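Now for the letters of each chain:
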Amino acid sequence: MSEAAKSPSIAFDAMRERAAWWLVAPSVVLIVVLLVIPTLAIIGLSLTDLDLGNPDWNFIGVQNYVDLASDRTFRISIRNTALYVAIVTPVSVTLGLGAAILIEAGTELRGFFRSAYFLPVVSLIVAMATVWQYLMHPTIGPINLLLNLVGLPSVNFLGSSDVVIYGLAIIGIWQATGFAMVLFLAGLSAIDPQLYQAAEIDGAKSWWDRFWLVTWPILAPTTLFVTTLTMINAVKVFETVTTLTQGGPSKSSEVLLWTIYEEGFIYLHLGSASAMAVVFIAVLLVLIIIQTRTLDKRVHYG
Amino acid sequence: MAANSPQLTLSEIKKGYGSNQILKGVSLEIAKGEFIALVGASGCGKSTLLRIIAGLDAADEGEIRIAGRDVSSTRAADRDLAMVFQSYALYPYLTARQNMMVPLAMRRYSLWQRLPFIGGLMPGRKAIAGEIAAKVNEVADGLKIAQLLDRKPAAMSGGQRQRVALGRAIVREPQAFLMDEPLSNLDAALRVHTRTEIVDLHRRLGATTIYVTHDQEEALSMADRVAVMKDGRILQVASPRTIYADPDHIDVAAFIGTPAINLIEVQVDGDGIARIGNVPVISGLQEWRGQRLMIGLRPDHAELNDTGERVGPHVRLPFTLSRLEFLGAEAIAHGTIASGVQIRVRTGSSFAEVSAGRELTLLIAVHHLLVFAPDGTRIRRQFAEARDATQGVPVHV
Amino acid sequence: MSTMISATQDSAGVAVVVRKRPRAARFDELSTTARVLRLVVLFIGAAILLLPYAWMLSTSFKAQSEVFSSGLSLIPQHWAIVANYTKAFTRVPMVQILLNGVFVCLAISTFQILFALPAAYALARLKFRGRDLLFGCIILGLLVPIHAVSIPLYAASRWLNLLNTYAVLIVPFTLSVFAIFQFRQVIKTIPDDLIQAARMDGMSEMAICWRVVLPNAWPAATSFAIFSVVAHWNDVYWPQIVISQNRLATPPLGLLFFRAAEAGDDYGALMAATVAVSAPLVIFFLFAQKAFIEGVTSTGLKG
Chain A
1 MSEAAKSPSI
11 AFDAMRERAA
21 WWLVAPSVVL
31 IVVLLVIPTL
41 AIIGLSLTDL
51 DLGNPDWNFI
61 GVQNYVDLAS
71 DRTFRISIRN
81 TALYVAIVTP
91 VSVTLGLGAA
101 ILIEAGTELR
111 GFFRSAYFLP
121 VVSLIVAMAT
131 VWQYLMHPTI
141 GPINLLLNLV
151 GLPSVNFLGS
161 SDVVIYGLAI
171 IGIWQATGFA
181 MVLFLAGLSA
191 IDPQLYQAAE
201 IDGAKSWWDR
211 FWLVTWPILA
221 PTTLFVTTLT
231 MINAVKVFET
241 VTTLTQGGPS
251 KSSEVLLWTI
261 YEEGFIYLHL
271 GSASAMAVVF
281 IAVLLVLIII
291 QTRTLDKRVH
301 YG
Chain B
1 MAANSPQLTL
11 SEIKKGYGSN
21 QILKGVSLEI
31 AKGEFIALVG
41 ASGCGKSTLL
51 RIIAGLDAAD
61 EGEIRIAGRD
71 VSSTRAADRD
81 LAMVFQSYAL
91 YPYLTARQNM
101 MVPLAMRRYS
111 LWQRLPFIGG
121 LMPGRKAIAG
131 EIAAKVNEVA
141 DGLKIAQLLD
151 RKPAAMSGGQ
161 RQRVALGRAI
171 VREPQAFLMD
181 EPLSNLDAAL
191 RVHTRTEIVD
201 LHRRLGATTI
211 YVTHDQEEAL
221 SMADRVAVMK
231 DGRILQVASP
241 RTIYADPDHI
251 DVAAFIGTPA
261 INLIEVQVDG
271 DGIARIGNVP
281 VISGLQEWRG
291 QRLMIGLRPD
301 HAELNDTGER
311 VGPHVRLPFT
321 LSRLEFLGAE
331 AIAHGTIASG
341 VQIRVRTGSS
351 FAEVSAGREL
361 TLLIAVHHLL
371 VFAPDGTRIR
381 RQFAEARDAT
391 QGVPVHV
Chain C
1 MSTMISATQD
11 SAGVAVVVRK
21 RPRAARFDEL
31 STTARVLRLV
41 VLFIGAAILL
51 LPYAWMLSTS
61 FKAQSEVFSS
71 GLSLIPQHWA
81 IVANYTKAFT
91 RVPMVQILLN
101 GVFVCLAIST
111 FQILFALPAA
121 YALARLKFRG
131 RDLLFGCIIL
141 GLLVPIHAVS
151 IPLYAASRWL
161 NLLNTYAVLI
171 VPFTLSVFAI
181 FQFRQVIKTI
191 PDDLIQAARM
201 DGMSEMAICW
211 RVVLPNAWPA
221 ATSFAIFSVV
231 AHWNDVYWPQ
241 IVISQNRLAT
251 PPLGLLFFRA
261 AEAGDDYGAL
271 MAATVAVSAP
281 LVIFFLFAQK
291 AFIEGVTSTG
301 LKG
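Protein sequences appear in the order of chains A, B and C.
Okay, so the first sequence: first residue is 1 according to my numbering, each after it adds one.
Okay, so the second sequence: first residue is 1 according to my numbering, each after it adds one.
Okay, so the third sequence: first residue is 1 according to my numbering, each after it adds one.
Looking at chain A on its own, in the form it has when it is part of the complex (with noise of 0.2 Å):
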């Protein structure tokens, strides 16, 4: 305390820090043993051969990734993904800004529709997903039915290799859809209304006017934002797999994070399926720097 009294700020600067530990201690473990640890684990795992089959590991170096490169089922998984993640990303994101425009637009039950849209996605996506098992079966499901009553023919959305990614996707672009749409909201409500009074004084007619010349280019940011985040999620696809196809019929519904379960958790092969998740991480990665980029151009005003 004498020195304390030596040098006032030192003391207090000394004592802030202590201070500063002592409250960032508990996050400082958890962070090392949750994350640091981990990453650098799979980065390491991913130059082995571990398997839990087989006590015997050895470093192969990056032979896991040059056989991933030539791997049938993580090729397919990779196309499956990028397949899921073009038709959920913009028909969601298309459906969202519509809907958020024609909330906003009007002022009759916009609390409904709000809630009726985001329902899906707070909803359980496991247990939803088995309702959309019900509704797309190809003989008692009513979306079948209704086909029929039309003069279609019935579709085996979740059963039929061909179109068991598309099946995927609409349950995909279900839940999303709101998503986007809130977000769209959040965009919409963020826009000055004098904007709309000038555009209208500048004779902006019509809403087609309107849109194209102030909600469109202002919502510019936001659109490229909720387009990443969109994409992110899709990237992360897997209860619905999980839940209804487990990859199949015959590989045709592999989608990456559902391969990598399969690898580690399934066949137990760590090695490989690490350097799968390491492959995961970098395209999270670039779709987060895309995202981050975006984000900074959110503000227009200095």
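Derived from the structure by calculation, the hints contain no laboratory data.
All of these numbers come straight from a predicted model, not from anything done at the bench.
Reference listing, derived: stretches of chain C covered by chain A, where coverage requires no fewer than 3 residues with Cβ under 8 Å from a Cβ of chain A:
| no. | stretch |
| --- | --- |
| 1 | 55-69 |
| 2 | 122-131 |
| 3 | 144-152 |
| 4 | 174-187 |
| 5 | 203-215 |
| 6 | 229-240 |
| 7 | 265-271 |
The beta-carbon is built from N, C-alpha and C at its ideal position, and this holds for glycine as well.
Chain A is already provided as a structure; the job is to place chains B and C on it using the hints.
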């Protein structure tokens, strides 16, 4: 329609939201080329009135005519008016040049030429684009903002944004300009400077301008005529000089002028003489016998310690100086007249020498005393200076 | 446009013509056609989005025979509510599963806030050596999803004999770098005077964290808690890896177990089970819609 018919006519405009009546019947005629200021405290309805003129809001009742044409049911885009918004409402993702092009592009390009992405490829667009660009450059030169044209609003100062907003309004050569507190987002020094610029601009373009402000000084210094609003009505429309010196209503007198007008309560006695406390001031108010009236006195309409002769009737009141507020070129003397009524008087700065507590005489020309009835309306007539027989001649220093 | 003119007498007895006209529409108000069109389109969208819920409920009321024969009818002819729900609650320990879900989600979000808030406060307001390094690690954490590091975490859990415990469901999620990041942004906006005043009053930094910062960060904490509960109630990836016993299952895993146990096409009972596991979150949502939507919007991430 006659050749000298007004450019803009408002008759009996009413507007309410639920039970809240914002405008209670506003009528106004604005001549071509006139600069009129709508001034009033916030909530008086001036911004609502401007929005109704613009067509951004619809009136519940009443009629609006622009250049003789009834536009009451016409939408904003078809009224041929331009507006400068308080926040400027510049499109943040467009450069100054593009912002200024919008009103022309919206009106001159066809629907096909305005299509997103491919509109630029449509035939005929290029020729129009050249004309629009020339017009924007011309206006930008006039406003001295040519060097800003390729910047976006985020890269401009408040004053620069304000000019671009003006530019966007000017390019179209509309029937009238509507300005909604366009200077309120600028700092004090820039505001005074921009006032002059807008007045010059108005003189140069000769365009009809309706200017909404809460700042009475702005209204007085810029406008040809000032309309003072309160509680959804126009109290008075007149030249700045008239509004200041000859107000119709006590609220107009109270709102206009810095420092604010002195409002002194007087009691009218049985002989129709108005008294401040015991001191008689003016006579000739027989029909207000026994009532309390208010007298308004502008701080610069009185003289202190004056012994010289004056033309016309004058009132002399004893004045005890309590404090002098020195402002450089002038000073404000705070003091009390009879029975502790506080007033402010503007004087020359030489009064700074005078010490507090000193007894002085206040000399006021009778025609400068503005008398208001209990309902706030002005009592207009020739008043005589009142002398109290019992007290004799008022005090001289 | 038609104009109605009515003549009235004012107090002075002079006829005054007052023009009343149909109120001109504001530019941003929709015409009647547009209003109807908006409602129709939105209703169709809502019907498609809500259809699965209607079918889920309806099927959970139907007898098994009817599921295969009733076609498109939503109203059951033979009610089998009791039979279906009895199966849903007895084939797997459904009550236990739901309680597991509540317990695990509450534990996770409590720990997340408990650990994240002090760290966020220190990062936002205090200077200490290693702060930048720590912040770097947090950014790294934002980039790496749990799915990616599940392999070493699984290996460690197995080695520590933690498989099939509550601990393994909770511990990996006790740290939310996202919460730290989010709270740090909020705490940065708390006025400095408030924290200085608390120091003047003699509060320790820990006390400031809980008694000054927490009340100010409360809306952000609620948003985060809701987001966290939604995410973890839904998560099936990790539970599926580490849990193989019915009594420890979280709701989605419980449903997968139920499906595995049923195997057949007893859709009535299956739908009853899906109603049981999805109802808590849906009911919670219907009661706190605003907080939910804000929570998911402000956190901007899901799953």
